[in-house]
Amino acid sequence: MSTFLGMPSLPVYGTGNLHASESFPKAAHRELGNAQLRVNLGHATHTIRDKRIQVISELPDWEHLRDTGSAIKEAVMARLPELLEQFEENFTSRGGVIHWARDAGEANAIVAGLIRETGETEVVKIKSMATQEIGLNEYLEGQGISAFETDLAELIVQLDHDKPSHILVPAIHKNRTEIRDIFLREMPSVDPKLTDDPAVLAAAARAHLRRKFLTARVAVSGANFALADSGTLAVVESEGNGRMCLTLPETLITVMGVEKLLPTWQDLEVFMQLLPPSSTGERMNPYTSLWTGVTEGDGPQTVHLVLLDNGRSAALADEMGRSALHCIRCSACMNVCPVYERTGGHAYGSTYPGPIGAILSPLMTGIQAEENNSLPYASSLCGACYDACPVKINIPDILVHLRSLDVDSKRGKKKIPTQMDAGMKAASWALSSGKRLGLLEKGLPLGRLATGPAKKITKLPGIAAGWTQSRDIPAPPPQSFRTWWAKEHRRPKIDAAPAPSPEKEDQR
Amino acid sequence: MRIALFATCIVDAMYPATARATVKILERLGHEVVFPSGQACCGQMHVNSGYLKEAVPVIANHVAAFDAEDYDVAVAPSGSCVASVKHQHPMVARSCGDTALEERATAVGAKVYELSELLVDVLGITDAGGQLGSYFPHRVTYHPSCHGMRLLRLGDRQAQLLGSVVGIELAELPEADQCCGFGGTFSMKNADVSSAMLKDKTAKIIATGATLCAGGDASCLMHIGGGLSRQGSDVTTLHLAEILASTVEEPASVTGDIRVSTRKATR
Ligand code: SF4
Chain A
175 MSTFLGMPSL PVYGTGNLHA SESFPKAAHR ELGNAQLRVN LGHATHTIRD KRIQVISELP
235 DWEHLRDTGS AIKEAVMARL PELLEQFEEN FTSRGGVIHW ARDAGEANAI VAGLIRETGE
295 TEVVKIKSMA TQEIGLNEYL EGQGISAFET DLAELIVQLD HDKPSHILVP AIHKNRTEIR
355 DIFLREMPSV DPKLTDDPAV LAAAARAHLR RKFLTARVAV SGANFALADS GTLAVVESEG
415 NGRMCLTLPE TLITVMGVEK LLPTWQDLEV FMQLLPPSST GERMNPYTSL WTGVTEGDGP
475 QTVHLVLLDN GRSAALADEM GRSALHCIRC SACMNVCPVY ERTGGHAYGS TYPGPIGAIL
535 SPLMTGIQAE ENNSLPYASS LCGACYDACP VKINIPDILV HLRSLDVDSK RGKKKIPTQM
595 DAGMKAASWA LSSGKRLGLL EKGLPLGRLA TGPAKKITKL PGIAAGWTQS RDIPAPPPQS
655 FRTWWAKEHR RPKIDAAPAP SPEKEDQR
Chain B
163 MRIALFATCI VDAMYPATAR ATVKILERLG HEVVFPSGQA CCGQMHVNSG YLKEAVPVIA
223 NHVAAFDAED YDVAVAPSGS CVASVKHQHP MVARSCGDTA LEERATAVGA KVYELSELLV
283 DVLGITDAGG QLGSYFPHRV TYHPSCHGMR LLRLGDRQAQ LLGSVVGIEL AELPEADQCC
343 GFGGTFSMKN ADVSSAMLKD KTAKIIATGA TLCAGGDASC LMHIGGGLSR QGSDVTTLHL
403 AEILASTVEE PASVTGDIRV STRKATR
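Protein sequences appear in the order of chains A and B. Under the working numbering, think of the first position of the first sequence as 175, with each following residue one higher. Under the working numbering, think of the first position of the second sequence as 163, with each following residue one higher.
Chain A on its own, in the form it takes in the complex:
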C-alpha cells in the first residue's frame, strides 16, 4: 500500500450507512424469498439495460470516451490534494464557504449547525448519495429538523420509511400499486380516489412537493461534479426538482465526496456524454445545474459546501482499489449485474449497492469491518459490470483483490482453520504438481464406484453442500485424460527419438 504525501498515516475509515448489518449470503437469502421484488427488479433493470445499449450504440466514440473519462479520473486521484485546494480557493473567492468533514459524524454536525444558524426547522433536499451515506436525514430528525426529499423516488422511499435500494432509482423495488398505497397512507391531503396511473401519481407528488418548494428557505444537495479551475459545482438530474431546490431557497448547503473533482470545465464535456447514457439511458438529461459560489441577486445568497472524506482517503491509499473512487454513480453496473438483479440493493446493507457497492463499501470501511467483508464475494465475477462502467472501473479485479485482503486479514487469527482454508491449502498442494494430481486421479474409479448406479452425486457435506443444493455432480470418469495420454504415448513412435517416460517427465 502506498500513501500520498500529506495524507494521515492511519486511514480514517468511513462511518454512517456504509456497513452491512448482516452477511451478504444471509441478506440475499431473505431478499430472494421476495417474489414481488424479483419481478419488479427484473422488469426495471432490463428496461434500463436495453435503453442504455440503444443510446450507446448511437455513439461511435463510446470506447474512446470511456478511456478518456478513466484517464481524467486517474489524473484527479493522482493530484487530489492540489485540486482540492485549487477548488477551495476559487469557490471561496466567489462567496462560497467550504467546510471539511473527516467522517459522517463531522459532516452531519456541520450541516445541522448551518441549518440551525438560519433558524429554520425544515429543509428541502435534492437526491444525493453523499447525504444518504452519512445518514443526514436521520441525524437531522434527531436534532428536530425535518428534511424533505424532493426527488420522486426518494420521496416514495422516505414516505414509506424505507431505504433506497438503487442509487439512481431508489424505489426500483416498488411497483406502482405499492407506490399508490404509500401515497394514500402517508401523503397529507391526497385525493382518496388516487389511481396507480404513473401520471396521476406524479401529479400527486408534484402538488405535495410544490408546497414545500414555495416555503423552504434552506436546501441541502449533493453534487455530481466539482470543477477545480473555476470553483463550480454541478448537479445532473431528470426531474427539475433539483433545479427548484438550487434556485428558490436562500441558503444552499451541499455535501460532496472529495473524489468528485474534475480539473477543468472542459473535462465536464466528457462526463456529460458518459453519465446520462449510462444512468438513465438518455442521450442527454433534462436538467443540469451549475453554480459557482454566490451570484448576487440570483439564487441562494448563502452557499456552503461540506467536503467529505469518510473513508475516501482509505480507499485512495489502496493502490489496487483506488480506482473505485472514479465512480460517477451512474448505476450501470447494478443494472447489468445478475446478482443485484436477483437480490436487490438492500442485501448489500450499505448505501452503495451492486457491484460498485461490493468494492466501495469495504474499501471505505476497511475490509476488517465485519459483514462488509462478505461483500467482495457477492459476485460470480462474470464481468458485466466492468463492460458497462463508463469510467472503466475493473470491478472484478478489485473484488478479487479485496477477497485476498479478507483472506490475509484472517490468517493466523483463527484457532481452527475454516473448511475453505483447509480445502484451499490441500488443493494448492495437489494442484501444484502434475505428478500429485495424477496420483490423486488414480482414485477416480473409486469415486465412480461411490456414486452408485445413478452415476451422479446428489449430496455433499460441509461447504460443498452449497453446490448440491441445486446441482448434481457427474460420476468421475473411469480414467483421467492424463492416464489415457500416458497409455497412448507409452511406446515411442518407431521413427521418433525415444521420449522420456511420462513418469520421468513428471519429476521436472
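Just so you know, these hints were derived from the structure itself, not from any lab. Please note that the accuracy of each hint is not assured.
Calculated pairs, SDA-like style, for lysine to any residue (alpha carbon to alpha carbon, straight line, at most 20 Å) [stated by the list, open to error]:
1) K629/A / Q393/B
2) K599/A / K366/B
3) K215/B / Q593/A
4) K566/A / R315/B
5) K366/B / A333/B
If we take Cβ atoms under 10 Å as the criterion, some of the chain A residues that face chain B in the derived model are [as the list claims (entries may be wrong)]:
6) T221
7) M598
8) A624
Covered stretches of chain B (in silico footprint by chain A; criterion: 3 or more residues with CB under 8 Å from a CB of chain A, positions within the stretch not fixed) [stated by the list, open to error]:
9) 203-211
10) 339-353
Where a beta carbon is used, it is the ideal one built from N, C-alpha and C, also for glycine.
With chain A held as given, fit chain B with the ligand onto it using these hints.
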C-alpha cells in the same frame, strides 16, 4: 505446428473426453500435439477466492511445466483457464513481488489460445463441416461463457464454428450473455444467488427445445448440466470440442457416460 495441450484440471479429471476431442481435432488437421506432463491447474479457483498465497505454487507449476516444453502454441478447451493464464498469472506473480515468475508467466501466457481462438485465428478454420469433417445431427443451443466472452473477447468464434457443423440445428439461447451463476466458490459461498441464476439459465435452455447445451468451458457446463440433472431434465451439456470432433464415422455420444444426465443415469 507443435501444439501443447493444457487440458485444465477439471477436464483432465472429470471430462477427459473433451481433451481427447481437442487432440483429435488438432491431429486431424495434421498438427502434432504434446502434453506437458507437469501441468495441473491454472490456479484460478485460488486466485478468485482470494487465496493468492496458495495460488502461487499452482501458478509456478503451470509456468514451469509449459516453460520446459518445446512448442509453437498452446491450447486449452476453456476460455476461463486461458484468461487466468494470460491475465491472472502475471498479476499474482507481480503482487507477490516475484518479477522472474512474472516475466516467465507473461511469456507462457502469450502463447496460449482458447480452442476456438486457435482454430479460427491461427489455423484459419471457418467451416467446421468442410475443414474438420464435423458432423453432429442434433438440436443444440449454446451458452457463451462469461470469461471467454468478456475477458478473451471471443465474440462469435465459438458460435460460428458450431453453426458450420454439418447436421447441427442451432437454437438461439435468449439472454445468452447472462452468467450461469457458477463463479467457482461463488456457487458455494453464495449458493442461493447462484442457484437462482442457474434456474433462470436452465429454464431458458429447456425452452429452446434443444437436446443439449454446448459451450466452451467445462466448469460452466458442469454447473449447468448439474442443474439440469437435478431438475430431472433430459437436456444435457456438451463441450464444443466434442461436437467439432464428432464425425459421420465416429459420432459423439450425447448420452456419454460422464455427462450429468438422467438419461445415461438410467443406463
Ligand atoms: S462503478 Fe461505474 S458503472 Fe457502477 S455506478 Fe460507478 S461509474 Fe457507474
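Here's how the hints hold up against the structure:
For the suggested pair K629/A and Q393/B, the alpha carbons sit about 16 Å apart, so the restraint of at most 20 Å is met. Taken as a hint, the K599/A and K366/B pair is broken in the structure, with Cα atoms around 37 Å apart against an allowance of 20 Å. A C-alpha spacing of about 17 Å is found between K215/B and Q593/A, which places the hinted pair at or below 20 Å, so the restraint holds. For the hint pairing K566/A with R315/B, the CA-to-CA distance comes to about 16 Å; that is within 20 Å, so the pair holds.
A threshold of 20 Å between alpha carbons decides the hint, and for K366/B with A333/B the separation of about 11 Å falls inside it, so the pair holds. Interface restraint check for T221/A: the shortest CB-CB distance to chain B comes to about 14 Å, outside 10 Å, so the restraint is violated. For M598/A, the shortest C-beta to C-beta distance to chain B is roughly 4 Å, which falls under 10 Å, so the interface hint holds. Taken as an interface hint, A624/A does not check out: its beta carbon lies about 15 Å from the nearest beta carbon of chain B, beyond 10 Å.
Only when three residues or more bring their CB closer than 8 Å to a CB of chain A does the claim for the stretch 203-211 of chain B stand; here the count is 7, and the claim holds. With 14 residues bearing a CB less than 8 Å from a CB of chain A, the stretch 339-353 of chain B meets the requirement of three and the coverage assertion stands.
Of the numbered hints listed earlier, those contradicted by the structure are 2, 6 and 8.
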